[in-house]
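> Residue strings, one per chain:
There are 2 protein chains.
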Amino acid sequence: MDKKTAKVIFQPSGRRGEVETGINLIEASRQLGVDIEALCGEKKVCGKCKVRIETGTFQKYGVTSGLEHVSDWQKEEDKFITPSERELGFRLACAAKVTGDLLVFVPEESRAGKQVVSKAARDIPIEWNPAVRLYSVTCQPPTFEEPTADFERVCTELAKDFDLKDLRADLFALRKLPTAIRKGKWTVTVAVWNGSEVINFWPGEVTDYYGIAVDIGTTTIAAYLCNLATMQVMDTVSMMNPQCKYGEDVMARITYHQMTPGGLERMSDDLIEGLNTLIKQACTNTFPPLVKKKDDNGKVVKDADGNPELVESPEEGVEYLRLEPGDIVDMTFGCNTAMHHIFLQLDPEPVGLAPFPPVVHHSLDLKARDLGLVINRGSYVFVLPNEAGFVGADNVCVLVAEEPQKYEEIALIIDIGTNGELVLGNKDKLISSSCATGPALEGAQLSCGMRAAPGAIERIKIDPDTHEVDYKVIGREAWKAFSEPKEMQTKGICGSGILDVLAELYASGVVAKSGRFAKEQKSERFRSNPDNPRQKEFVIAWANETSINKDVVITQKDIRQIQLGKGALYTGCKLMMRRMGIEKVDTVKIAGAFGTHVDKAKALAMGLFPDCDLDKVMSVGNAAGDGARAALLDVARREEADWIARNVEYIELTVEEDFEQQFMESMQLPHMTDEFPHLEGVVRPEILHQK
Amino acid sequence: MDKKTAKVIFQPSGRRGEVETGINLIEASRQLGVDIEALCGEKKVCGKCKVRIETGTFQKYGVTSGLEHVSDWQKEEDKFITPSERELGFRLACAAKVTGDLLVFVPEESRAGKQVVSKAARDIPIEWNPAVRLYSVTCQPPTFEEPTADFERVCTELAKDFDLKDLRADLFALRKLPTAIRKGKWTVTVAVWNGSEVINFWPGEVTDYYGIAVDIGTTTIAAYLCNLATMQVMDTVSMMNPQCKYGEDVMARITYHQMTPGGLERMSDDLIEGLNTLIKQACTNTFPPLVKKKDDNGKVVKDADGNPELVESPEEGVEYLRLEPGDIVDMTFGCNTAMHHIFLQLDPEPVGLAPFPPVVHHSLDLKARDLGLVINRGSYVFVLPNEAGFVGADNVCVLVAEEPQKYEEIALIIDIGTNGELVLGNKDKLISSSCATGPALEGAQLSCGMRAAPGAIERIKIDPDTHEVDYKVIGREAWKAFSEPKEMQTKGICGSGILDVLAELYASGVVAKSGRFAKEQKSERFRSNPDNPRQKEFVIAWANETSINKDVVITQKDIRQIQLGKGALYTGCKLMMRRMGIEKVDTVKIAGAFGTHVDKAKALAMGLFPDCDLDKVMSVGNAAGDGARAALLDVARREEADWIARNVEYIELTVEEDFEQQFMESMQLPHMTDEFPHLEGVVRPEILHQK
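So the protein lines, in turn, are chains A and B.
As numbered in the numbering used here, the first sequence has no gaps in its residue numbers, which increase by one up to the final residue, 691.
As numbered in the numbering used here, the second sequence has no gaps in its residue numbers, which increase by one up to the final residue, 691.
Chain A extracted, bound-state conformation:
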């Protein structure tokens, strides 16, 4: 390679930059503020630093990545990376050196600073009422006098013992019946879907059975494997949406479909392949596979009966899978409308064009096999319904989990991802809308934005007199003022720190009400960007306080991005309240990672959403995932989801006549502070009362 530097992008953090070629990926990740687990100190003996090299041309990022852009395979890698993983592009980050542009995916387990926001399942109340139920019956064997068919024989017992009538059978289930019933000596366990269709047969009696709820986000996919008999969440797994390589946001992927023949199928296939990987991972996490136990001489150890003893094995290619993907009997999916359409290979083009009509609203019961999912072949998957083009099943999931339609109080539910999705209302009426908040409120695509991981600035204070900065990073208790610079190991600013930064910049006079840097500045922290003199920036942390050896700054463009995001969100809330004819909401529920970390008081003060009693502002975590899980465990939630999709009125805000005016006003800092009198004492007065 004649190139001396190469562009490297790490996913899912999105951190990117130029690095010198020849350094290994661990070093590259350090320089770009990404933490990769490296227990053995890059000696290639711990195998903890597995990463996956993405292959292809990624227009959005302007890179072409592939295994040819890293140095050759090293024999040490064989120990930790299976041949099938190697084929998928896995390398040890300490062994692979950068030789060209790269897009690198860092799997959850290889991340040193585990994401503080997890997609773990929340404890929401769900009734046990699954779509798939098991019934065990014992039949009489056939005789010449009674040579009835196997299936009708089973149906007779199901009718007698469980009052199940008029059952039909899936073909792929039916194919298992003659073997299962004879192997079980005429006792068989039957999986019945919605009281109407037999979707699986097992020999003998089976009690535990499993399903998976999936939340397909634009960026991340999370899956929850549940025991359908006990409702226990057995495992939670997540991965980057494999479609990210076709574009970071929804519109980019719709464009990819429009421009590329076969693009829709390719994106769908990649997603399905990813889902199948997740399903398998969840199965082997829940019940690690077994292998025959061997003694020191490599001989198989046998038990008293002469059968080989079995031990758990984390390796692939083992002999005994205790829970196989084919054992999973039910799945539910929540996703935004564009992901929904791409997942199902429904043309997403109209969803990207005004007035954004989807192909279908209603929930869908689809055979897993029609989608290429590797679970039990007779099984259905339930795909939650879409509300509108920009308010999809993911939002329905949030409502399925939070159920505002059941209460008197008026709730404002905010789900901030790349799009902000809003629902307002109570048991009488619910309206929804979406607003283009952009990724800035999550700290993404800012010059020093990063995930909520160790080294991320989460709290900040700026002295109004000197503009000196004090801050705190995730993973370290002491503020900077009480630390040596090098102890901070700062890496960037996470989403939850962004609002703090903006509030302090404003309160201290570094930026004006309009969001522009003030003309008069009191510190050398304010400067022109060394590479781009027209871009102004303010240094939050000097290079010697960081682990990335670069100043952590916030630029004028960053501030504008945040303003656009908060302005869009606030405008959406206000216009919806106007439509509902209300002045005040009773509760504000913030879903998603943003909600978990945001300083509720500062968010209120900075005007992200309208006034509300502070103790009525709550974070509801990954409510979309919770909703998908609720639908998995309780069919009533599925009906509720369709009710929601039909009855939540979608409002297109951008066509409201004074939308532009409202939006411009909402971008100002802070917006109509008189609305927040009760925040006295919570937020520093100079922020609250500044005009």
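Honestly, I wouldn't trust all of these hints.
Pairs count within a copy or across copies, as identical chains cannot be separated in the list.
In silico DMTMM-like links for lysine to aspartate or glutamate, alpha-carbon gap of 20 Å or less [claimed, not checked]:
#, residue 1, residue 2
1, 60, 152
2, 367, 197
3, 429, 146
4, 519, 465
5, 183, 349
6, 427, 408
7, 302, 599
8, 79, 163
9, 550, 146
10, 292, 657
11, 367, 484
12, 185, 349
13, 165, 642
14, 429, 145
15, 536, 365
Rather than coming from a laboratory, the hints here were simulated on the basis of the structure.
Starting from the known structure of chain A, arrange chain B on it as the hints suggest.
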């Protein structure tokens, strides 16, 4: 090849024998009594003599066949055989010379003596009430005020105009919707299955639409392509069941499944492939494909508007398919239980073992795509229900067509294939059973048996005094007594001639009541087989009267086969009547090719079935195919089919305590002639009254 002769078997006639290597297949077919169309006199210029060389080892026949057993491809064949046909093993019979053992399939269109028995659809009364119906609707395009999804938009109109509610959509249909509705400028035609599921969308208005009914026999598959709007039968196509290579009868195929890992899937795949070929053939027969018309200089001819003119083309690989397999929206299937199970890949092993329980009785609505059928991907196929292990959906089809359950009179319905299937009863009660008639009654597997085609002996008289023979062949009006020997061009004896032969042999005293040749014989026609002196035989036609240059004979073994068949059938009928407590039946209906050709009076006289008024004995043709077609056009017949399968009581005859005794008695010739007094004058008295 060092072999001087080779074994050649022609299908579907089953004619077989040794021929000298080096002769072409036309000559081989002549020697073995098979007629292949050869308009041009073997000059390789008419292309009418296309045959297919089967590939593989056919244990049942004791041959290994393949393209390497015929001479090399000749360039003249290119004109008539497309590359895809060539790959399937097609050759011109005049061009391909025998170099080794062969199994040759002669397609219907290449048979010179078209089969007299056709699988053509009969005119039975059917009401128009198809499972799939079309509805055309025009929707309002979406707006910001009403951005409802495409599918819900269509559903609104369907509810308004046609009172269709709660429709669900098939995923593969849904995928077509956004394009179809926009291409049709918001007018779309919707195919709705059973009033509940949308299975296809077309842009604009569509009125004609198509379905196919299929009768899968053990030996032959027949398919009827119908216009579902007009009920018209557009085309009838048939082919040999591709599973024949795994065994001629049901038990052989079940054994193949038991002995061969993956054998079930292979047999099923072959069948599906055959069905897909039939479907395509029916489509292109109905609407021959179009090509651009070219003038003598090879230039495309254009019409007044400058568009290319189109003309019909019989060739493959053309540009405009007017009816594609993907346009077929519904199919129905009737088959015996073993074919049903192999078709659906349900383990047929229990069907072959006492007490013969099937996997399922009930009819099945299955997605065509789950079976690998190439029709519209969203479509269901309807598989008719099974009565019992040996009485399958083919018998249900016969009942669906004949509807004995609707009448007072007691009907005996006989369907003679390789198995005899019997139904007895009326609107109060129906019972069924099956009996192992074997193939002899159809003239198959007899030493000189052949299909009902020109040259087949269909009537015969034997002089009781001299044992001289007179006979008539299909395709020639004059009896032998009024012809020159060489004018007869005799080839063999067809199913309908078999009973005549037996009756005359018996009446003339050539064979005794027991079925054995009489000790005293009056003619040199009675002799020992020249190759196998222990086998006795009687010459029906001398070699000089034949076109195969061989004596046409009937052997002691042949007679035994016919006796076994007629005995099994009669025993079945009698035992069923005993069960019903009746002495006499009101009507006898004979389904299948056998019924079309049998001399009803002789059949009665020879004791094939119990006494009945001769004018109440009728042939009902391919009633199984008619039943499948009735189910295609009228959903009420589908419900009726399930009612039949549930309510027809299956009786296993072989466990009746005096079955053996009855069977032995029924084999005698003629059986209890006193039962047929009204046949006086119809059958020659010496047959009727001989004790």
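> Evaluate each hint against the coordinates.
Checked hints:
| no. | hint | verdict |
| --- | --- | --- |
| 1 | 60 x 152 | neither (57 Å within a copy, 34 Å between copies) |
| 2 | 367 x 197 | both (12 Å within a copy, 15 Å between copies) |
| 3 | 429 x 146 | between (59 Å within a copy, 18 Å between copies) |
| 4 | 519 x 465 | within (15 Å within a copy, 135 Å between copies) |
| 5 | 183 x 349 | between (51 Å within a copy, 14 Å between copies) |
| 6 | 427 x 408 | within (6 Å within a copy, 62 Å between copies) |
| 7 | 302 x 599 | neither (59 Å within a copy, 74 Å between copies) |
| 8 | 79 x 163 | neither (55 Å within a copy, 65 Å between copies) |
| 9 | 550 x 146 | neither (83 Å within a copy, 52 Å between copies) |
| 10 | 292 x 657 | neither (71 Å within a copy, 56 Å between copies) |
| 11 | 367 x 484 | neither (60 Å within a copy, 70 Å between copies) |
| 12 | 185 x 349 | between (54 Å within a copy, 16 Å between copies) |
| 13 | 165 x 642 | between (26 Å within a copy, 15 Å between copies) |
| 14 | 429 x 145 | between (62 Å within a copy, 18 Å between copies) |
| 15 | 536 x 365 | neither (53 Å within a copy, 68 Å between copies) |
Violated hints for the displayed structure, listed by number in ascending order: 1, 7, 8, 9, 10, 11, 15.
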